[in-house]
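Trainee: Sequence:
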Amino acid sequence: MSEKIKDKGEKEIRVISHEDLNVWKDSINLVTEIYRLTKDFPQNELYGLTNQIRRSAISIPSNIAEGSGRKSKKEYIQFLYVSLGSIVELDTQLIIAKNLGYLPNKDIRTDLLTIKKMLIGLIHSLERKESK
736 MSEKIKDKGE KEIRVISHED LNVWKDSINL VTEIYRLTKD FPQNELYGLT
786 NQIRRSAISI PSNIAEGSGR KSKKEYIQFL YVSLGSIVEL DTQLIIAKNL
836 GYLPNKDIRT DLLTIKKMLI GLIHSLERKE SK
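Residue numbers (my numbering): 736 to 867.
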């Protein structure tokens, strides 16, 4: 869903939508999986760990999307770092849930690590372009 716009010098440039980014697509899929996994958590965790895990997961693609809508690369990068923080937060919460016996043996943390690597790659790419 990319679009072409004109920059200040009237050159046409291609703008990539967050929906075109694999890291965003994968993080959307992760949110769906997190909801599936947490639906069977104990009822007494609904407003505790279940809610925290879901909020952390939702924060990842949401901040990628919000950052892509900002005016500057610097702002975009800031939102990507917020997403990165949410990944680390979610990872910690998944460890706790696993230790409590709430999660099956399927290790969703592998998917989370893949998303983390992709996000770091995107951040580094934008930071290199920002410094030019």
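What the hints contain is simulated information worked out from the structure, not anything from laboratory work.
Watch out, some of these pointers could steer you wrong.
Claimed, not checked - Here are the simulated DSS-like pairs of lysine-lysine, each with C-alpha atoms no more than 27 angstroms apart in a straight line:
| id | residue 1 | residue 2 |
| --- | --- | --- |
| 1 | Lys833 | Lys852 |
| 2 | Lys806 | Lys841 |
| 3 | Lys774 | Lys851 |
| 4 | Lys864 | Lys806 |
| 5 | Lys841 | Lys852 |
| 6 | Lys774 | Lys864 |
| 7 | Lys760 | Lys852 |
| 8 | Lys774 | Lys833 |
| 9 | Lys851 | Lys841 |
| 10 | Lys760 | Lys809 |
| 11 | Lys808 | Lys833 |
| 12 | Lys760 | Lys808 |
| 13 | Lys851 | Lys760 |
| 14 | Lys841 | Lys809 |
| 15 | Lys852 | Lys864 |
| 16 | Lys841 | Lys864 |
| 17 | Lys809 | Lys774 |
| 18 | Lys833 | Lys864 |
| 19 | Lys864 | Lys760 |
| 20 | Lys864 | Lys851 |
| 21 | Lys808 | Lys841 |
| 22 | Lys774 | Lys808 |
| 23 | Lys806 | Lys774 |
| 24 | Lys841 | Lys760 |
| 25 | Lys806 | Lys760 |
| 26 | Lys774 | Lys841 |
| 27 | Lys806 | Lys833 |
Since this is a predicted model, take the numbers as computed values, not measurements.
Trainee: If any of the earlier hints don't hold here, list their numbers in rising order.
Mentor: Numbers 2, 6, 11, 14, 16, 17, 18, 21, 22, 23 and 27, in rising order.
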